[in-house]
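Order-wise, the sequence lines are chains A and B. Position 146, counted from 1, in the first sequence is what the numbering used here calls 146; the numbers after and before it change by one each time, with no gaps. Position 77, counted from 1, in the second sequence is what the numbering used here calls 1077; the numbers after and before it change by one each time, with no gaps.
Everything labelled a hint here was simulated from the structure, so no lab data went into it. Mixed in with the good hints, there may be bad ones.
Here are the simulated DSBU-like cross-link-like pairs (lysine-lysine), alpha carbons at most 30 Å apart as the crow flies [said to hold, decoys possible]:
id : chain 1 : residue 1 : chain 2 : residue 2
1  : B       : Lys-1281  : B       : Lys-1317
2  : A       : Lys-262   : B       : Lys-1392
3  : A       : Lys-196   : A       : Lys-13
4  : A       : Lys-196   : A       : Lys-106
5  : A       : Lys-233   : B       : Lys-1317
6  : A       : Lys-354   : B       : Lys-1276
7  : A       : Lys-354   : A       : Lys-200
8  : A       : Lys-233   : B       : Lys-1293
9  : B       : Lys-1030  : B       : Lys-1058
10 : B       : Lys-1040  : B       : Lys-1027
11 : B       : Lys-1040  : B       : Lys-1109
12 : B       : Lys-1260  : B       : Lys-1293
13 : A       : Lys-200   : A       : Lys-106
14 : A       : Lys-233   : A       : Lys-166
15 : A       : Lys-17    : A       : Lys-106
16 : A       : Lys-354   : B       : Lys-1027
17 : A       : Lys-17    : B       : Lys-1293
18 : B       : Lys-1079  : B       : Lys-1276
19 : B       : Lys-1014  : B       : Lys-1392
20 : B       : Lys-1276  : A       : Lys-351
21 : B       : Lys-1014  : A       : Lys-262
22 : B       : Lys-1030  : B       : Lys-1144
23 : A       : Lys-13    : B       : Lys-1109
24 : A       : Lys-354   : B       : Lys-1281
25 : B       : Lys-1276  : A       : Lys-233
26 : B       : Lys-1276  : B       : Lys-1030
27 : B       : Lys-1256  : A       : Lys-233
28 : A       : Lys-351   : B       : Lys-1281
29 : B       : Lys-1392  : B       : Lys-1030
30 : B       : Lys-1114  : B       : Lys-1027
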Amino acid sequence: MQFAFTEEQHQFKDVVKRFLREKSPTTEVRRLMETDDGFDPVVWKQLSDELALPSLIVPENYGGAGFGFVELSIVMEEMGHSLLCAPYFSSVVLAANAILNVGTEKQKLDLLPQIASGSIRATLAVTESSGRWNAAAVELVAETDGDEFTLQGEKCFVVDGHTAGKIVVVARLEGSEGDDGISFFVVDGDAPGLTKSLLKTVDPTRKLARLEFNSVQAEPLGEPGAGMGALTKTLDQAAIALSNEMIGGAQYLMDSTVEYSKVRMQFGRVIGSFQAIKHRCADMLLLLELAKSAAYRAAAALDEGDESVPVLANMAKSAASDAYIQIAADSIQIHGGIGFTWDQDTHLWFKRAKSSEVFLGDPAYHRELMMQRWGEGI
Amino acid sequence: MDFEDTAEEAAFRKEARDWLAANVPTKEEKEGLDFLAAAKLWQKRKYDAGWAALRWPKEHGGRGATAIEAVIFGQEESKYQMVELGVFAIGHGMCAPTMMAWATEEQNKRFIPKLASGEEIWCQMFSEPAGGSDLAALRTRGEKDGDEWIINGQKIWTSGAHYADWGVIVLRTDPSAPKHQGLTYFFLDMKSPGIEIKPIKQISGGANFNEIYFTDVRVSDSQRLGEVGQGWQVALTTLMNERAAIGSGGGGVNFKSVFKLAQNINIDDEPAISDKTVRRKLADWYVTESGLKYTGYRSLSALSRGEIPGPENSIGKLVGAPKQQDMASFALDLLESSGAIWDPELSAEAGLFQATYMAAPGGRIAGGTDEIMANIVAERVLGMPQDIRVDKGIPFSEIPTANS
């Protein structure tokens, strides 16, 4: 039984941690979240050139480093811990995986090396104004004109949709509904007919955009109409990656809150010596450790090709969401009045907790999906 | 990450599995035997074949096995669901490690093999009406008389005292010293004159634990473990061993049993499993149960590498015990009126949910209450300050107590 990181993985974690602590202090988080683009191109280049992070899970024959989801989960945890403002989730977790899951060999060879090098930032557009993540909610239609496809409609809540160089879009074939006719397309970020607008959201550290497609010419990615399996797989992978990002953020909050409680004095002693505070902190640890175990297990399952990946994805996302949200609320509470101010850092993670909770499906959605999948499995 | 046994672990597991399959007592063999006799039969069989008290040294009747090997054997053995195994838990898990750390070589030669074989059963006499969570506030007196000590007082919640042969006990030997410093540790023959054992009936109707009254009970100074006044330190050995044991879970209500129930009963003419509220609650518990399982894997992995598990090891009881209570309660809700019936012949799962509902509050109190566990997690794992102690550093006899 070895449910633990290897020595090499620990070293990798240290390298990533050191880079992110240096490049993403909260002063940088605050600076970048105020910008429209939401990332620093210099840091993105360093992250790509020095650490090759965008190449991490791209197989070697497509220009990548060929590592697995456990390594990715390590990166995600550290990025969540440091609240890095960068289009990594959109480009690597969402777009690169989608292309790997659905693209033809030629398309993978065309697109992946540039994503792996960081020279192109891509994203994946699934949700529309309903905000739902199931296939039936996809209404954007891919209209055919001979061999050509044009997209007509809109996508909403697209991570880094306004800055991406390439956008992988999930649409449906004309006349299809539900799980049928699901198709992937690739569109350039500056394609004619595409209007992009940045949305004002609860969490300015993760930029979301609305995309309007007005007869936008699109290249099909993989076989049109046969994308349902790839969509499910991509979303499960993304949920697992996000779970690991979330437990990293929750860990940061718990640690800094406990530290604060050992310093802040009231009634002649540190507030961490009061049982109400101690017990609340103990409760945070319980939630965090359970969610962490689930997130790690799910990542390991991906690398093993374990058939329980779908259920583990739902489980990890549910556990991570509940843990992060509760820990965020407790963190503000334990900080007292200052926890409620803009200047104190807790709210940065508090908002990321909320945006992450609803990103890729809220806990109720995942629990229901998990029950259905579990039921089918027995 | 690797969820399989290492090659050595797999070999050990196979050996254990094969031996168990060939040697676990059959129903026929246990025919007519009471709880205790069945437990002793099995324990002796394991002892004779070298499978008892795995982690103890071979010269004391153990196998000298590693922690992970003990876990593996425990996993394989638990598949046979022999409830009677609980009889030896305290003796093996708490008393024997304390003896091995503090008793003389001769004493261990005399006592450890009979602990390993199950021939003698031990109990642990720590808690008192005056001190459960606040164990160091215990009051049962030990007064020196020549080369013996005279014991007067009362212990409580002593599991298995009614069938135990020997027991470990902590006594107040110096009330003028601050509370932790006036304690001394002994081991005691439970058949000593002056010991009166009274069973305590639990809310479940059963009586697994007892009050023990001591009236001028004599114990030889040769049965003292550690120095006079060192009793707290020795007690910590006992308590640490309690915490070091990694629970394999098992028993009680789990997700599977509640899921099965929800499939088999109806709410408004539809199976309960199709009700959204039921599904959501079940999903919650599946998530918690799985989280506990994978957290256990992390601890096992640390053990497998010969390391001490990290913070993940502290949360099992604190999460698991309330969950048992919630799940049992919910199951009884689902059963509606029939949930109020507790008859193994009639009730679903032979009354498992009712039994667990009755036992569950105890799980949140025994072996460290939820609140004490939360304090321990906060203090030992998160490094937060200890509670203020108003009874520290003053003579025990001057500590304020309620007038009762």
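Taking the hints in turn, this is what the structure says about them:
The hinted pair formed by B:Lys-1281 and B:Lys-1317 meets the criterion: a straight-line CA distance of about 20 Å does not exceed 30 Å. Annotation: proposed proximity of A:Lys-262 to B:Lys-1392 holds, straight-line Cα distance about 22 Å (limit 30 Å). Taking the CA atoms of A:Lys-196 and A:Lys-13, the gap is about 36 Å. The hint is violated against a cut of 30 Å. In summary, the hint linking A:Lys-196 to A:Lys-106 is supported, as the alpha carbons are separated by about 28 Å, within the 30 Å threshold.
Among the hinted pairs, A:Lys-233 with B:Lys-1317 is inconsistent with the structure: their alpha-carbon atoms are about 36 Å apart, more than 30 Å. Of the supplied pair hints, the one linking A:Lys-354 and B:Lys-1276 holds, its CA atoms being roughly 24 Å apart against a limit of 30 Å. With a C-alpha separation of about 14 Å, the suggested pairing of A:Lys-354 with A:Lys-200 holds against the 30 Å cut-off. Using a Cα cut-off of 30 Å, the hinted pair A:Lys-233 and B:Lys-1293 holds, with the two alpha carbons roughly 25 Å apart.
With a C-alpha separation of about 28 Å, the suggested pair B:Lys-1030 and B:Lys-1058 falls inside the 30 Å cut-off, and the hint holds. In summary, the hint linking B:Lys-1040 to B:Lys-1027 is supported, as the alpha carbons are separated by about 15 Å, within the 30 Å threshold. In summary, the hint linking B:Lys-1040 to B:Lys-1109 is supported, as the alpha carbons are separated by about 20 Å, within the 30 Å threshold. Taking the CA atoms of B:Lys-1260 and B:Lys-1293, the gap is about 20 Å. The hint holds against a cut of 30 Å.
With a C-alpha separation of about 38 Å, the suggested pairing of A:Lys-200 with A:Lys-106 is violated against the 30 Å cut-off. For the hint pairing A:Lys-233 with A:Lys-166, the CA-to-CA distance comes to about 20 Å; that is within 30 Å, so the pair holds. Between A:Lys-17 and A:Lys-106 the CA atoms are separated by roughly 35 Å; this puts the pair beyond 30 Å, and the hint is violated. Pair hint A:Lys-354 plus B:Lys-1027 does not hold up; C-alpha atoms about 56 Å apart against a cutoff of 30 Å.
Under the criterion of a C-alpha separation no larger than 30 Å, the hint pairing A:Lys-17 with B:Lys-1293 is consistent with the structure, at around 28 Å. Only pairs whose Cα atoms come within 30 Å are accepted, and B:Lys-1079 paired with B:Lys-1276 is rejected, the gap being roughly 33 Å. Only pairs whose Cα atoms come within 30 Å are accepted, and B:Lys-1014 paired with B:Lys-1392 is rejected, the gap being roughly 53 Å. Proposed proximity of B:Lys-1276 and A:Lys-351 is supported: the alpha carbons are some 29 Å apart, at most 30 Å.
Proposed proximity of B:Lys-1014 and A:Lys-262 is contradicted: the alpha carbons are some 50 Å apart, above 30 Å. A distance of roughly 46 Å separates the Cα atoms of B:Lys-1030 and B:Lys-1144; the hinted pair therefore is violated under the 30 Å criterion. Restraint check for A:Lys-13 and B:Lys-1109: the C-alpha separation of about 50 Å exceeds 30 Å, so the hint is violated. Our distance criterion of 30 Å between C-alpha atoms is met by A:Lys-354 and B:Lys-1281, whose separation comes to about 22 Å.
For the proposed pair B:Lys-1276 and A:Lys-233, the alpha carbon gap of about 26 Å is at most 30 Å, so the pair holds. Only pairs whose Cα atoms come within 30 Å are accepted, and B:Lys-1276 paired with B:Lys-1030 is rejected, the gap being roughly 46 Å. For a cut-off of 30 Å, the pair hint linking B:Lys-1256 to A:Lys-233 stands: about 27 Å separates their Cα positions. For the hint pairing A:Lys-351 with B:Lys-1281, the CA-to-CA distance comes to about 26 Å; that is within 30 Å, so the pair holds.
Pair hint B:Lys-1392 plus B:Lys-1030 does not hold up; C-alpha atoms about 53 Å apart against a cutoff of 30 Å. Restraint check: the Cα-Cα separation between B:Lys-1114 and B:Lys-1027 comes to about 25 Å, which is no more than 30 Å; the hinted pair holds.
The structure fails hints 3, 5, 13, 15, 16, 18, 19, 21, 22, 23, 26, 29 (numbered hints given earlier, in ascending order).
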